[in-house]
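Using the hints provided, position chain B relative to the given structure of chain A.
If you're matching them up, the sequences are chains A and B in order. Using my numbering, the first residue of the first sequence is number 345, and each one after it goes up by one. Using my numbering, the first residue of the second sequence is number 28, and each one after it goes up by one.
Zero decoy hints are in this set.
Where chain A lies over chain B, by a calculated footprint (3+ residues, C-beta under 8 Å):
| no. | stretch |
| --- | --- |
| 1 | 137-148 |
| 2 | 205-218 |
| 3 | 233-240 |
| 4 | 339-345 |
Computed spacing ranges between beta-carbons, pair by pair:
| no. | chain 1 | residue 1 | chain 2 | residue 2 | range |
| --- | --- | --- | --- | --- | --- |
| 5 | A | Ser625 | B | Pro115 | 32 to 40 Å |
| 6 | B | Ile224 | A | Asn496 | 55 to 63 Å |
| 7 | A | Ser543 | B | Ile218 | 25 to 33 Å |
| 8 | B | Thr152 | A | Lys539 | 42 to 50 Å |
| 9 | A | Ala410 | B | Ser65 | 54 to 62 Å |
Simulated from the structure, these hints should not be mistaken for lab results. Heads up, the beta-carbon is just placed ideally off N, CA and C, and yes, glycines get one too.
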Amino acid sequence: MAFARSRQALAIAGVLGLALGATACGTGNDKKSSKAGSAECAAYEKYQGNDGKKVSIYASIRDAEADLLEQSWKQFEDCTGIKIDYEGSGEFEAQLPVRVDGGNAPDIAFVPQPGLVKRFADSGKLKSLGADTKALAEQNMPADWLKYGTVNGTLYGVPLGANVKSFVWYSPKTFKEKGWEVPTTWDQLVTLSDKIAASGVKPWCAGVESGDATGWPATDWIEDLMLRTQTPEVYDQWTTHAIPFNDPRVAEAVDRAGTILKNEKYMNGGFGGVKSITTTSFQEAGVPVTTGKCAMHRQASFYANQFPEGTKVAEDGDAFAFYFPAIDPAKGKPVLGAGEFVVGFADRPEVQAVQTYLASGEYVNSRAKLGNWLTANNKLDIANVASPIDKLSVQILQDKSAVFRFDGSDLMPAGVGAGTFWKGMVDWLNGKDTATVLKGVENSWPK
Amino acid sequence: MDFDFAAEQPKLFMLMYGLLAFVVVVGGLLLLLDVVPSWFARRREAQLVAASTSGAPLPRRRKPREGMFAFFFLLPTLLLLMIGLVVPAIRTTLLSFMDAGSNNWVGLRNYGWLFSEDSIVRVLTNTLIWVLLVPLVATSFGLLYAVMVDKARFEAVAKSLIFLPMAISFVGASIIWKFVYAYRGDEQEQIGLLNQIVVSLGGEPKQWLLESPLNTFLLIVIMVWIQAGFAMVVLSAAIKAIPADIVEAARLDGVTPWQMFWRITMPSIRPALIVVVVTLSIATLKVFDIVRTATNGNYDTSVIANEMYNQAFRYGENGQGSALAVFLFVLVIPIVIYQIRNLRQQREG
Chain A
345 MAFARSRQAL
355 AIAGVLGLAL
365 GATACGTGND
375 KKSSKAGSAE
385 CAAYEKYQGN
395 DGKKVSIYAS
405 IRDAEADLLE
415 QSWKQFEDCT
425 GIKIDYEGSG
435 EFEAQLPVRV
445 DGGNAPDIAF
455 VPQPGLVKRF
465 ADSGKLKSLG
475 ADTKALAEQN
485 MPADWLKYGT
495 VNGTLYGVPL
505 GANVKSFVWY
515 SPKTFKEKGW
525 EVPTTWDQLV
535 TLSDKIAASG
545 VKPWCAGVES
555 GDATGWPATD
565 WIEDLMLRTQ
575 TPEVYDQWTT
585 HAIPFNDPRV
595 AEAVDRAGTI
605 LKNEKYMNGG
615 FGGVKSITTT
625 SFQEAGVPVT
635 TGKCAMHRQA
645 SFYANQFPEG
655 TKVAEDGDAF
665 AFYFPAIDPA
675 KGKPVLGAGE
685 FVVGFADRPE
695 VQAVQTYLAS
705 GEYVNSRAKL
715 GNWLTANNKL
725 DIANVASPID
735 KLSVQILQDK
745 SAVFRFDGSD
755 LMPAGVGAGT
765 FWKGMVDWLN
775 GKDTATVLKG
785 VENSWPK
Chain B
28 MDFDFAAEQP
38 KLFMLMYGLL
48 AFVVVVGGLL
58 LLLDVVPSWF
68 ARRREAQLVA
78 ASTSGAPLPR
88 RRKPREGMFA
98 FFFLLPTLLL
108 LMIGLVVPAI
118 RTTLLSFMDA
128 GSNNWVGLRN
138 YGWLFSEDSI
148 VRVLTNTLIW
158 VLLVPLVATS
168 FGLLYAVMVD
178 KARFEAVAKS
188 LIFLPMAISF
198 VGASIIWKFV
208 YAYRGDEQEQ
218 IGLLNQIVVS
228 LGGEPKQWLL
238 ESPLNTFLLI
248 VIMVWIQAGF
258 AMVVLSAAIK
268 AIPADIVEAA
278 RLDGVTPWQM
288 FWRITMPSIR
298 PALIVVVVTL
308 SIATLKVFDI
318 VRTATNGNYD
328 TSVIANEMYN
338 QAFRYGENGQ
348 GSALAVFLFV
358 LVIPIVIYQI
368 RNLRQQREG
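Next up, chain B with everything else stripped away, as it sits in the complex:
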């Protein structure tokens, strides 16, 4: 392969533009950060000089100007948050009360559709199953594993085995598992691991991903496979952080391993446990890649995020898509509030 600079010229130009834009934006920000504070400083200096020469009392630092100063530094963040988060959120909410083409107001019709259409109710039920099972199973599995391998031989190897799937993207993992669930007819050689096991045990190969509601659980397995490693690593670190004197004191008191786990380990790692469950819950609520890759939402496996994309971008139903997005947002809020409360309690406690 020879590299033709002339042919690649447009791409090279694009690269250069990108770099230049980066320099311009970052340089501009640096310049502002340099100029503005020094301007304020000079003004204050001038005021002080003026005050000292006139013999008048020194002007007190005024709060409003401080506020202005802080506002100036917050401005870029606020602006980006407005453009990237607040405005779209408000617009999505407004769109959810409008029709497919976003031309007329339709009131609550899209929300009525959400709960009356059988296929959408199915989507909501599936999401519920996901959000109940994934955090529960992934966290339990991660915790169990973390406790079992703690201080065992080959701990590092054992942990990295479970952690490895974290490095695989959702799409990649789904493709891998699609092969595990793959089906070939009776007379053909099976290429799917699961069906091969079934066949060698004397059973008949099954179309795993077609059978509802079993298929939803099989998809959940993929998510658990990826996320158990995350739960395990965080919880394992928390277990290691339990002060040795507490453990030692408990040992001296003669606890059983069972008591050790429930009385010592669990209370000590509670904050980490909550973080893991909350993170997993939010990640599960917005799961999209696994369903889209493995079944594309067919065979009754669709979830909210997947249906939202289909409605808004593929079917041109802006209103219904937005209603799903708002509903998802409403579902996430309680989890976020719970998390913030917990953080605050910890800080105070």
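Chain A extracted, bound-state conformation:
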């Protein structure tokens, strides 16, 4: 009996041993394929010495865009031997804190919210930039942008991609047919809207439905109007809560946005009345521009990808965008934009090498050449930017008279900027009055 038992145990132990052995065989066949010596790799000289190392990157960019990203640093990988493990997630903002708190932080993350960068920096999770990265970033990036990657005087995040939000999409074809002129001042914009409304077409269309981010396109409207009715300084005070959220100046901006957004005569071309804004998805909201059911749609540069296949996005095509005019041109040319910041949760030499590379002119031009991308990096050669709308965006970003400000809801604490502000705008569009909505958001600001 005792013998039988021990033989049984032996058999189980044997199976286990085999299993463990087989596991051990599974690893250790990584191939190295560094082409460090070749001519095309000359530009990557300064990143050498990390052959065979791995760097993980985590971001919200997925699918086709992610393929372009991986393509953009392919040569860097081949030349330096650094392997970049990219992972994109649709739940990036919720998952990143979980991974960081769980001790499973990626080496590098592309964070679109300066507010989130601040949260990680404050809790000591972020590594400050290496000297090379910092020097290159300061050389290549506009100070306006670096400010948003800086927390308490230390630069943590280097801006990467960018988009311009102060755009109004229209159809150059329809405008030409009907004899409408692209407005360059606020008054012209209003006059044109009235003229179009009188002709029986709803001049504007909008949609703020966006899954669990529903409401964000409306906050962009408010931010753009804040920059147009107030000075950039007041805008900064608003995003940092130096003035209350229900300050009369904020209410003024919201009400001004309401003269278009909540105007039944203007809204919502192709979808119904004002109330249809909250249930129209932001992806389809601007499409009526191409069918003539709506004349204008205020949305960021990246909206170019949302038009149906075959739509020519160009100055003489089916769809294009004009700059959302300023109310008082004397105050300069306010530009609302956004982008993502490269932050490091590790500072190993190979991680720093990747961070430095992402801040360099070589990288931004390599990525821009693949199309559908732009940056505020001043090393970007506009000749490498193919699409007309991206070209226009780069011109606006590089315009010296432009006053750039980052998307305010990304600067605010997430509970407001990705929570009550979004929800508040949805309620506002559904008929709640400005004062009640702003007071609600003010009350929710973390004390």
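Frame of chain A, contents of chain B only:
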């Protein structure tokens, strides 16, 4: 589509690792289960042999060792329960007394916020409406249906019709109903069933999901649609289990169908009824998928579970999220206690 083994290699390796990990863990447990009892048995054997040769009285089985033995078998369960349930519960409770970043103690501030912030009070009210209506309506509907189709023709078909929605996930069901409630402008063709009915009756299409508090009730309809089948199946089985002699005796006494239902059926199926109501109540308290899919908590439809996720994971407000979680836990406790009491009474009775 050709399948490239080389390209899929990492995934295949992952699969292999998974299988191996399974073999290692399960094999390890089997090994332990085999070795440890036999070790105890051998020890006892040795003691018995030693006792019989020395002629001393046989050692009595000692209780503490028995306890140790039982503890050994309970250990894995206890360990997993600790890691998966007890520790997180304690940690969540502690976090609910701390600030957003879980750095400083803030006392009861998060609980104060729970009951003072208008939007959160709205969330609590919505949850209350859910938990009152869903068990009540789903159970009544299920019961009514079970009684009506009992012993009727085509009983199986009729029952499976109501039971079918159970097979659809909450997210799937919510998407289906979102289409039912869908809205298109006056001049356009309606794609939503409800609005089409309204329009063909001469009314104007409405934005069903925007109108509070009507929208909360419309979401509740989705939950009832899914859960009525569950109530119906359990109650129908209970009705079938009523002893035939009781029914026959009642018939001989000449009961009306009404009396039959209230005097015979209801008392007989009371235990099943309680199980259904309790299960539905708990399922309703933690409802998340329906609200998130259909409205994402907008337009005043949010419920506790949804708000808890938003606060903790999307807004980075760990303290407020944890406070909501603890509150939800407190709400579930009385229901669980009631259920356990009932089970105990049944066992004793």
